[in-house]
Amino acid sequence: MPVTVRCYSAAHSALEPAMDAAPARTRYGMQVTESIRQTRIRYALLFAAAVATPLLYPPTTALLLLALVSYAIRMFGVEGIYHRYFSHRAFRCSRRVQFVLAVIASQCGQHGPLWWASVHRHHHQNVEAPEDPISPRQHGLFHSHVGWVWCERYKDTDLDRVPDFARYPEILWVNRHYTLLMLSGAFFIWLLARAGVFGPEVSGGAALMWGFFLPTALGVQTVSMVNSLGHFRRLPGGYRRFDTEDDSVNRPLLALFTMGGGWHNNHHRYGASARAGFAWYELDLTFLILKLLALLGIIHDLRDRLPDDVREEGGLAPAPAGDKVGG
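Here our numbering runs 98 ahead of the position in the sequence shown, where the first position is 1.
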């Protein structure tokens, strides 16, 4: 079975996830979080509230700004933390920072960090094969977009796919209680509104709808588009820099809304990189934020260099001297 790139391999294991790692075990098993019925109810309530948001509270400048900031935080949580850190280990950080990042990312409404990384690694290891849950080639657009989330086989977290992070009790706790953390974040937004942080005209209810329900629902949909449209070659508006064996496509518009996640063909060619936009014109907002965090010393060992063979294959200019992998 052809595999273009793997999320977890011997090459990745050379880089420990947290600088002060916890002891490892041989097997971790499955972690149960919520039933499929609970997942369906949660998604239904989320999207119903999102649709009702502009009807109940007409948009204002303050509400639109709140929604934009909240959306950006949630999207970075998915793309920068769940994806590039927990799934691909594209940088290092301390154990304390790792926990804080996991809590922040839990606001995205897309399960916990270990569940997300477990499914994503499974996707890369079985890309476009029948076992790949998000392959339009195998299962159709609807299933790859959202249908797979409602399948019984994907409701629990296979911790043996993420042994590098399953060793941390605090991350296991976040993974189990992500709904509680997400709702706590929603309550915090309401408290900020009641305290007048968003301005006197923004009520608690308006802040909750525009600052939580709407941006969370939009984030779920845009990330789902990476799964479906990011693997659907027949749809116009994208291009393939690399001739990978999967159907991954770079989609510039989707990359803008996902803060870099839409450069999906790049990612499937070299998933270990902290950057998804390989060319100068491929805007990758998540990578820019990661660069800033690295400059501030919050994260370390950012994997931002592309191997020469990847650059050559993608028609990119060679890396400057002293800026090569291993250089």
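Source of the hints: derived by calculation from the structure; they are not laboratory data. One or more of the hints may lead you astray.
[Claimed, not checked] Mimicking SDA-like on lysine to any residue, the simulated pairs with C-alpha atoms at most 25 Å apart in a straight line are:
no. : residue 1 : residue 2
1   : 253       : 271
2   : 389       : 409
3   : 253       : 239
4   : 253       : 322
5   : 389       : 370
6   : 253       : 167
7   : 389       : 377
8   : 389       : 408
9   : 253       : 282
10  : 253       : 377
11  : 253       : 288
12  : 253       : 138
13  : 253       : 266
14  : 389       : 167
Hint check:
1. 253 / 271: At roughly 17 Å apart (the allowed maximum being 25 Å), residue 271 and residue 253 satisfy the hint.
2. 389 / 409: Holds, at about 20 Å.
3. 253 / 239: Answer holds: residue 253 to residue 239 is near 20 Å, not above 25 Å.
4. 253 / 322: holds (16 Å)
5. 389 / 370: With Cα atoms ~16 Å apart, residue 389 and residue 370 stay inside 25 Å; holds.
6. 253 / 167: Outside the cut-off at roughly 30 Å; violated.
7. 389 / 377: Satisfied, since the Cα-Cα distance of roughly 16 Å is no more than 25 Å.
8. 389 / 408: holds (21 Å)
9. 253 / 282: holds (22 Å)
10. 253 / 377: Not satisfied, since the Cα-Cα distance of roughly 37 Å exceeds 25 Å.
11. 253 / 288: Roughly 30 Å separates the two Cα atoms, so the pair is violated.
12. 253 / 138: Holds: residue 253 and residue 138 sit about 11 Å apart, inside 25 Å.
13. 253 / 266: The hint holds at about 21 Å.
14. 389 / 167: holds (19 Å)
Consistency note: the structure conflicts with the earlier hints numbered 6, 10 and 11.
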